[in-house]
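Chemist: For the record, the sequence lines run as chains A and B.
If you're matching positions, the first sequence starts at 1250 in the working numbering and goes up one per residue.
If you're matching positions, the second sequence starts at 14 in the working numbering and goes up one per residue.
Calculated from the structure, these hints are not laboratory results.
Misleading hints may appear alongside valid ones.
Pairs of lysine-lysine, DSS-like flavour, derived with a Cα cap of 27 Å [to be verified]:
(1) B/K173 x A/K1412
(2) A/K1464 x B/K92
(3) B/K246 x B/K92
(4) A/K1350 x A/K1361
(5) A/K1412 x A/K1316
(6) A/K1316 x A/K1350
(7) B/K46 x B/K68
(8) B/K46 x B/K246
(9) A/K1464 x B/K68
Just so you know, these numbers come straight off a predicted model, no measurement behind them.
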Amino acid sequence: METQRVVSVPSEAAPQLEIHAPSAPVESQKKPKARGRTIVVTSGKGGVGKTTTTANLGIALASRGAKVVLVDADVGLRNLDLVLGLESRVRYHVLDVLEGKVSLADALVRDKRVQTLYLLAAAQDREKDDIATDAMIGLIEQLRGEFDYVLIDSPAGIEMGFKNAIAAADEAIVVCTPEVAAVRDVDRVVGLLGNRITVQLVVNRIRPALVRKGKMLSVDDVNAILRLPLLGVLGDAPDVIIATNRGEPVALDDASETGAAYRAIAARIAGEDVAAPQAAEPEGLLDKLGSFFGGRR
Amino acid sequence: MTARRIVVTSGKGGVGKTTTTANLGAALAQRGKRVILVDADIGLRNLDLVLGVEKRIVFDLVEVVEGRCQLRQALVRDKRFGENLAILPAAQTREKTAVTELQFAEVVTGLGDMCDYVLIDSPAGIEHGFRNAIAGAAEALVVTTPEVSAIRDADRVIGKLQERGLPMRLIVNRVRPEMVRTGEMMSVDDVCDILSAELVGIVPDDPEVIDTTNRGVPLVLDPAQRLGAIYIKIARRLEGEMIPFTQLGAGGFFGRIFEALRAG
Chain A
1250 METQRVVSVP SEAAPQLEIH APSAPVESQK KPKARGRTIV VTSGKGGVGK TTTTANLGIA
1310 LASRGAKVVL VDADVGLRNL DLVLGLESRV RYHVLDVLEG KVSLADALVR DKRVQTLYLL
1370 AAAQDREKDD IATDAMIGLI EQLRGEFDYV LIDSPAGIEM GFKNAIAAAD EAIVVCTPEV
1430 AAVRDVDRVV GLLGNRITVQ LVVNRIRPAL VRKGKMLSVD DVNAILRLPL LGVLGDAPDV
1490 IIATNRGEPV ALDDASETGA AYRAIAARIA GEDVAAPQAA EPEGLLDKLG SFFGGRR
Chain B
14 MTARRIVVTS GKGGVGKTTT TANLGAALAQ RGKRVILVDA DIGLRNLDLV LGVEKRIVFD
74 LVEVVEGRCQ LRQALVRDKR FGENLAILPA AQTREKTAVT ELQFAEVVTG LGDMCDYVLI
134 DSPAGIEHGF RNAIAGAAEA LVVTTPEVSA IRDADRVIGK LQERGLPMRL IVNRVRPEMV
194 RTGEMMSVDD VCDILSAELV GIVPDDPEVI DTTNRGVPLV LDPAQRLGAI YIKIARRLEG
254 EMIPFTQLGA GGFFGRIFEA LRAG
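Isolated chain A (complex conformation) (with noise of 0.2 Å):
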C-alpha cells in the first residue's frame, strides 16, 4: 500500500520522467520496508523436537527484544499452543485469517510473559491440504512485514503441510536426534528444502553418558553425514518433558541448562559470536553401523 502512495505524489504535479528519476522527497517517503526473517523449523521425522525448539527459540529470540512470531504449520495436529501454555487463549487460527474470517490481529494471540512474542496457531479440525501454498505465502510475507522474526513450526512428514511450512521461509533449522531414522529423514528433507533455503542443524536429546559408551551416535557422527553448519547442540534432559507438560518451556528458566542452551542458538541466530557448540567427541558409533545412505535425491 506504502509504494502506491509514494508512485501517485509526485505523479500529479511532475513530468513522468520524473517519476522514473530518483527525485530526493519521492526517496525520503520510500521507507525500505521492514522485511523480518523467517525460518521453518523441521526434520522429517516426528517426535525429534520440533515444537519444543519453536517455542524455546521464539522466547529466546524475543527475550532478546526481538519481535517474534510462532506460526504453528501442523494443522489438524497443533501443538505449539499447548507447549507455549496458551491453549486456552487461541480463539483463532490461521484458517480463520487465510478464509477472511477475522483480521491477522485478532488471531494473534499474545505471550504475557514475554511481551514481543506472539502466536498464530493452527486450526485443529481442518486439514493441511485446506491451506493453499500461494495462501501461506501472502500470510508469511505479510507477517515478515510486521515482525523481526517469523518462526514456523513445521508438522512431520513430507506431505502438503510441510511443503506448506517450507514455502516462505528464507532459512530452515533442522532438528535430528542421534538416532539412524532421524538422520535418514533429516538427510531426505535437506534434499527437498533445496538450494533457496539455508539450512542449519540444531542436534537435539544427546546423552554424552551413553555417546562415550559407544551406544549413541555422537554429534560428530550425526553430522558427518549431515555436513550442515551446526546451530547447536542440547541435551536430554527431563524438565524439557516437564516443561511441555506445563506449558512452559525451558527458555523461561534461567536455572535450565537446556534453557541456557536455547539462548545461546538464539543469540547465534541474532549474529552474535557466541561459542561453537560442542565438538570432538569419542570414537564414531557409525562406523560399526555402516552405510546407510543412497544419497540425496
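Position chain B against the provided structure of chain A, taking the given hints into account.
Modeler: Just chain B, lined up with the frame of chain A:
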C-alpha cells in the same frame, strides 16, 4: 484371507510407531506366527533400518503397485526369524500420493493371504500417508507417550479411526515410573481415562532402545534388553491371552489436558 490386519499409528511422530511395529512383529514371529510388516511411510521409510534389513531391499511398495514386480518379490525376509518375519519396504524417493488408498488396501489384502498378521507402520500425521495406512487395516494399535502433545494427537487420530469403524487399542510408550510417582508425568491410568481407550501395553522409557534400533536388532533378540519381555506380553495379549499389567505409579496435575481436548 485369514490374517489379522493391524495398523500401528499415533498422530504425533517419534512416539514409537516403527519401534513398536518391528518389535511386536518380531515377538509374534518368535511365537511361531507368520508376520509381514508393511512400511507405509513412503519417502521417509525407517522400518527397514530398525530391522537392519536396509541393504537387502530390492523392490518396494510403490513398484508393487505399479506392477513392476510381484508382491512376493518385494518382501524382504528377516532371516533371524526363519520364514516367519518379512517386511514390505516403502519407496524412499517417491511421494505418498504415488499410492491410492484403494491400491494400498489391495496390497494389504494380498499380503493377508500369505501370513497370520499384517502389521502396517503408519507415517506420522493425518494426511494421505495416514489414510493409506489405515485403508487396508481391520484393527488399529494407537501408540502414545504420557505427554500432552502426544495425547492430544492420539485423541484426534482415535476420532478418525472411529469414523472408519476401526476397533482400536492403546499402547502407552516411554513411561518413566519415577516421574509418574513425583507427579511430573501422567500415569497410564490418566492417559487411558483421557483417551477412553482399552490398554494393550505399557512400555517403560529406556534410553538403550535407541542403541538397538540404531543397530537394527529387535529387542526380543537381545537378551540384555528387559523390554523384549514386554513386547512378548503385548503379542500374547493381541492373541487373546489375559495377562495382567504391571502398573507404573500414579498421580497427576493434568487437568489442562482435559481442558485442551475439550477446546480442540
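Chemist: State the violated hints by number, sorted upward, taking the hints as numbered earlier in the document.
Modeler: No hint contradicted; all consistent.
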